[in-house]
Amino acid sequence: MKKNLEAARAARKAWEDGLLKKTLEKAPERQARFATLSDMEIGRLYTETDGAERDDDAEIGLPGEFPYTRGIHPTMYRGKVWTMRQFAGFGAAEDTNKRFKYLLAEGVNGLSTAFDMPTLMGYDADHPMSRGEVGREGVAVSTLEDMEILFDGIPLGEVTTSMTINAPAIVLMCMYVAIAEKKGIPRAKLGGTIQADMLKEFIAQKEWIVSPRPSVRILMDMIQWCADELPKWNSVSVSGYHIREAGATAVQELAFTLADGLEYVKQGVARGMDVDHFAPRISFFFDVHNDFFEEIAKLRAARRIWAREMKQRFNAKNPRSWMLRTHCQTAGVSLTAQQPMNNVVRVAVQALAAVLGGTQSLHTNSLDETLALPSEEAVTIALRTQQVIAEETGVVNTVDPLGGSYFVEALTDRVEREAMDYIKRIDVMGGMIDAVEHGFPQREIADSAWRFQRGLERGEKTIVGINKYVVKENVPIPLLKIDPAVERRQVERLAKVRKNRDQAKHLRAMQALASACHTDQNLTPLVLEAVRALATLGEISECFRQAWGAYREPVSF
Amino acid sequence: MVESRKVRILVAKPGLDGHDRGAKIIARALRDAGYEVIYTGLHQTPEMIVAAALQEDVDAVGLSILSGAHMTLIPAIIDLLAEKGLGDVAVFGGGIIPDDDIPVLEKKGVRKIFTPGASTDHIVEWMRANVKPREL
Chain A
1 MKKNLEAARA
11 ARKAWEDGLL
21 KKTLEKAPER
31 QARFATLSDM
41 EIGRLYTETD
51 GAERDDDAEI
61 GLPGEFPYTR
71 GIHPTMYRGK
81 VWTMRQFAGF
91 GAAEDTNKRF
101 KYLLAEGVNG
111 LSTAFDMPTL
121 MGYDADHPMS
131 RGEVGREGVA
141 VSTLEDMEIL
151 FDGIPLGEVT
161 TSMTINAPAI
171 VLMCMYVAIA
181 EKKGIPRAKL
191 GGTIQADMLK
201 EFIAQKEWIV
211 SPRPSVRILM
221 DMIQWCADEL
231 PKWNSVSVSG
241 YHIREAGATA
251 VQELAFTLAD
261 GLEYVKQGVA
271 RGMDVDHFAP
281 RISFFFDVHN
291 DFFEEIAKLR
301 AARRIWAREM
311 KQRFNAKNPR
321 SWMLRTHCQT
331 AGVSLTAQQP
341 MNNVVRVAVQ
351 ALAAVLGGTQ
361 SLHTNSLDET
371 LALPSEEAVT
381 IALRTQQVIA
391 EETGVVNTVD
401 PLGGSYFVEA
411 LTDRVEREAM
421 DYIKRIDVMG
431 GMIDAVEHGF
441 PQREIADSAW
451 RFQRGLERGE
461 KTIVGINKYV
471 VKENVPIPLL
481 KIDPAVERRQ
491 VERLAKVRKN
501 RDQAKHLRAM
511 QALASACHTD
521 QNLTPLVLEA
531 VRALATLGEI
541 SECFRQAWGA
551 YREPVSF
Chain B
558 MVESRKVRIL
568 VAKPGLDGHD
578 RGAKIIARAL
588 RDAGYEVIYT
598 GLHQTPEMIV
608 AAALQEDVDA
618 VGLSILSGAH
628 MTLIPAIIDL
638 LAEKGLGDVA
648 VFGGGIIPDD
658 DIPVLEKKGV
668 RKIFTPGAST
678 DHIVEWMRAN
688 VKPREL
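Chains as they are written, first to last, in the numbering used here: chain A, 1 to 557; chain B, 558 to 693.
Careful: at least some of the hints might be erroneous.
[Claimed, not checked] Below, simulated DSS-like cross-link-like pairs (lysine-lysine); rule was C-alpha separation at most 27 Å, straight line:
| no. | chain 1 | residue 1 | chain 2 | residue 2 |
| --- | --- | --- | --- | --- |
| 1 | A | K472 | B | K669 |
| 2 | B | K664 | A | K481 |
| 3 | B | K641 | B | K689 |
Simulated from the structure, these hints should not be mistaken for lab results.
Construct the complete structure from the given sequences, taking the supplied hints into account.
Structure, rendered in structure tokens:
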């Protein structure tokens, strides 16, 4: 290809001076500027002249090989389609257990657990902060007993389970290990993912217990313990999803997520761990928004940056440390309450981008999620969307069908370059913990959110049904309602557990945990012992607050 | 004639959800429109919000909530405001609030619920038409 470059340049120039010029004179383009959703300007045409300086063999390569631009697996979806993993959780453990079983019967091949707000913040159902929140935005889990009900009848050795939990992740992971023990399932068979990505909590999702440094210490204890004990378990899911939803651009999402991941690897190495012992179990989670090619480029650039940084920065030798394995979710923030049926179309296009970007697993949002947690009908359409893509469209027939597209490759390069600029700035600040403490990513995201909103209100950006093609009356859709009695029942169940547990065993476990917080001892075995002794999520979280103080965010807007 | 003072608005995040994109955008838009805006930050109890409203002598309180706890927390805030002699503070809100809940909240005393997709211009216009400085 390279030898024809001069000819290609000449041909392009002739086209620009000839046909194009004449066309523009007669019919000017619709806009002076064309840009992605993240406001990245896009050119009229991409040809081989746009990638002239790229070494295709080194930068694009082949699937399953470094730097994995074309995918982490040599056969991709010809071998195995992505895991269809629908995020679910509401009400009491019984309600969510029923939804899990429904989803498995309908063809999902992985579970994904949404916990309610009190659980995410480390409060039991009976805490004053929990009023009105129990079971509303996810499932309420305060004790090992709730966890047993949640996974009742589900084969933990066969189904992989993802848990979206961060600040108290160590508690929920230990509960999962403890129920597997009770069912006699060996740890080596436990497959799944715990999100546990605390840096993005301070950046975007904002569910925390203690401040960034002790939060990262607890996470690193888990990563270390998982590397030794749970060989099939992803000990962290470094997440861009929440960063994007909070208003970041695609480049910011990519840069901040990878910078979070790099910080965790740096912390692990600083503890004296062998990078190839724990890095293969680091997984990722990205948002997939409306701008089709921008999203595909983002996922391809993500793999390339991660592979290169792991190899060059950390000297990782194991190819599994280089591979960025990711889950994707369609963009909740892109859904509209107005004309909600249109959301089905948005989700389908976003899901297709995730697949063409080479995702390992995927959640498709339900059409009603701007209004409530999804109804069973809505979640079924969302799952069927993935099944249609996998089994009807034919996009799975070849590996990375967009690889080599002049535009996609040029956009991948550009997203990579701009993300690397951010990563270098964060390096200069001392890494992501320092950057977060200075509020840097938080400010960048708030500014992007503001710019997008202004652009929308000036009509520079379009959202169908919001600022164009508006209808007066919306047809109401059926919504999932949470029974207010869930909170009361949950509080009663919790009281019973507290009353009936072996108090001496509980006290011993909690004292051991409290005293270990101020040592370098890995906290995971101590939390495991505490949950076995029926210590509650709130009690263990309170132990962390006692040790390090409750975190409060510096307020700015 | 004494120039009337600027309207003061407390933007607050009751409940445990961390979705502060909307609250921050509204706070910024109201500030740009000339209001004095105080933002509470996240994870506020009704007691904390009412204490801030009292301390800051605000004329309006904007509540952003996306956790589903609005039917518990918003009425609790309205009751507490009345208890503290702030019954004339204009309470408005937004977030994930299903249509069926809006009339119930309005009956309770919420002046206006903005639903997803409301523009900041629309919110500022509403504020200009409906919120005046309270007699302190």
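For each hint, the structure was consulted:
no. : hint               : in the structure
1   : K472(A) to K669(B) : holds, 19 Å
2   : K664(B) to K481(A) : holds, 21 Å
3   : K641(B) to K689(B) : holds, 20 Å
Every hint, counting from the list given before, is met by this structure.
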